[in-house]
Structures are given as structure tokens and as C-alpha cells.
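Peer 1: Top line first, the protein sequences correspond to chains A and B. Be aware that the first sequence starts at 1, since it is given in this note's numbering, and climbs by one per residue. Be aware that the second sequence starts at 1, since it is given in this note's numbering, and climbs by one per residue.
Hints in this document: simulated from the structure, not taken from any laboratory. Positions of the beta carbon are idealized from the N, C-alpha and C atoms, including for glycine. Please note: incorrect hints may appear among the correct ones.
Interface residues of chain B toward chain A, partial, derived using beta-carbon atoms under 7 Å [stated by the list, open to error]:
{"no.": "1", "residue": "Thr85"}
{"no.": "2", "residue": "Ala92"}
{"no.": "3", "residue": "Ser96"}
{"no.": "4", "residue": "Pro177"}
{"no.": "5", "residue": "Ala181"}
{"no.": "6", "residue": "Glu184"}
{"no.": "7", "residue": "His185"}
Some chain A residues flagged as far from chain B (calculated, every beta-carbon gap over 12 Å) [said to hold, decoys possible]:
{"no.": "8", "residue": "Pro49"}
{"no.": "9", "residue": "Thr51"}
{"no.": "10", "residue": "Ala55"}
{"no.": "11", "residue": "Val68"}
{"no.": "12", "residue": "Trp77"}
{"no.": "13", "residue": "Arg84"}
{"no.": "14", "residue": "Gly99"}
{"no.": "15", "residue": "Leu104"}
{"no.": "16", "residue": "Ile113"}
{"no.": "17", "residue": "Glu115"}
Chain residues, written in single-letter form:
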Amino acid sequence: MRRENLGGSVWRRVAGVTVFCVSGAVPGCVTPHEGERHVVEVRGFAYSPDTLRVAGGDTVVWVNRDVVSHTATSSEWDSGALGRDDSWELVTSAPDTIGYLCSLHPAMAGTLIIE
Amino acid sequence: MRVRSGWWALALVVTGGASCAAGADEEDRATATPAAVEAAATDGGALNDAEIAAVVVAANSIDVSYGEIARQRATDERVKEFAETMISDHTAVNASAVELVSRLGVTPEENEVSRSLQSSATRTRDSLRAMSSADFDLGYIRNEVAYHRAVLDALDTLLIPNATNAELRETLVGVRPAFVAHLEHAEALQRALEET
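Given the sequences, and given the hints that come with them, work out the whole structure.
Peer 2: Spelled out as C-alpha cells, the structure:
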């Protein structure tokens, strides 16, 4: 899993198998408390939801459910190519509205609103 | 006839798309098109699941082959990136389709449509290879626009309606957005290239 900070944020990525490591949900699987966790599914060449509002400190996880690779790419961060069932996560920080797209399929666009 | 329309469009575009894109005259198109259409028309319309699988594999493989030519010949960075995406995406879609039909115990069955597509694509590849360097980027992208429109039409009018296995049908419906996204991407590139 790859994980990265956005101004103190952290990103994670799982290759091949997506592991949702939620504290207390899986024995031995412990994650630090980072606020609420949100999942953006990439399916059918679209981000779902395509607009997501989160609080600073929340974690956003993009999970690719398509057979082809996708990215979540903004001017500030880039997931890199996510294959089928790969995921990548971002821990948010300061309030911002960030547009992002799939660099491989530019018609795919999403917005992350950090409040 | 509804069934045939998508099939004919696909046969037409893989045969004549690059010639048209390269600005070839009508005579070239006329000599390039009828054989594929005639061959496709002899089958009578409906395809079974094994034949649909063969058409899907052929359609994806053909666009991979166009992308491989573009990988070598394209000069515009955006076109090069698009070609890489086509190679990657259509290879992935094919792998998924092959995995599915293997699991279902279906062996793709070559048929008039798949054979026609392959033979027509050979001609299109020749056209792409014969284009001048100056014409290639736009020629390739115009062909991609035409090709993806035709594949979408074939999906909607031939492949999805005729698929009887639910999983195969779901897979076809599931890959449709890929072709829509590719078409939109190619159309945007075409506009950009035509403006420069």
C-alpha cells in the first residue's frame, strides 16, 4: 500500500489486492486515527462519487474496479497507474478544492473538496 | 437489419478508416470497402457467444496493433501517450475477456465477422504505415475516432444484444465505457491536432 502526505498527509497503495485496514475491523490491523475514511470507486471510467467533501485530516481512498488502469492525478498529487483492484490513499490537510483527473483517460474528472 | 448495422459499420471502418483519415480519394475507399462488407454480409446476422468472443478479441487486438504502429511512428507526445493507453487498455480488456470465456468453457469461434475484421485491419495497417510522417499523427487519430465509433455501434447493435450468457453480456456492457472514453479522448486530440 502506498501512502502519502499532502502537506502532512499520507498516501498508501496496495498492488493487486485491496486491503481496507480499518482499526478494530481486522485483528492485528491497526491504523493511526486520521479522521474519517472515504472511498472513491473508479468504475466504468468514472469516479464515484465524482465530487467528495471531506474534513481536513480525513483519508480518501481511490479503488480501481475497472479492468484497465486509471490514475487520480491533480496538480498536487498523483496516484500513479492503479491496476484492477489497486488502491491509493491520501490523507488531507488544509481546506482546498482540488480538481483531479485520470491522466490516462482525461475525460474522467473528479473534485475533492477539503473543508 | 438492426443487427447488421453495427457489424457493417465496423467492417467498413476497419477497412476504410485509415484511407479516409489519410485523405485518400474515394476510389481507394471504394476498392477497400466492398470485400469486407460482402464477407460480413454472408453470415446472416446473429452471432453465438463463442463467435461474439472472437469478435471482441479481434476488435481489441486490432486496436492494439494500430497502437503499436503509432508507438513507432507518432511524433506528437499526446498521440504517443494515447497510443500507449490504447495498447494497455485493449490488452487488459482482451485479457479479461479471455479469462471470462475460459472460465465459462467457451472457446472463441472465428467467424465471418472476426475474419473480415482481421483481413480489413491488415489493409488499414498498411495505410497507416504508408502515411507520411507529417500526416501520421492526425491520420492515426482520425482512424481511432472512426474505429471507436464503429466498435461502439457494433457493441450496441450486434454484440450486446446477441450475447446470451449473462456474464458475457455484463462484461460487454462493462467495457462499453472504455470505448466511450477512448472515443472522447480521440475526438479531443483530433480537434487539438486540427487546430495546430
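Peer 1: What hint numbers does the structure not satisfy?
Peer 2: 11, 13, 15
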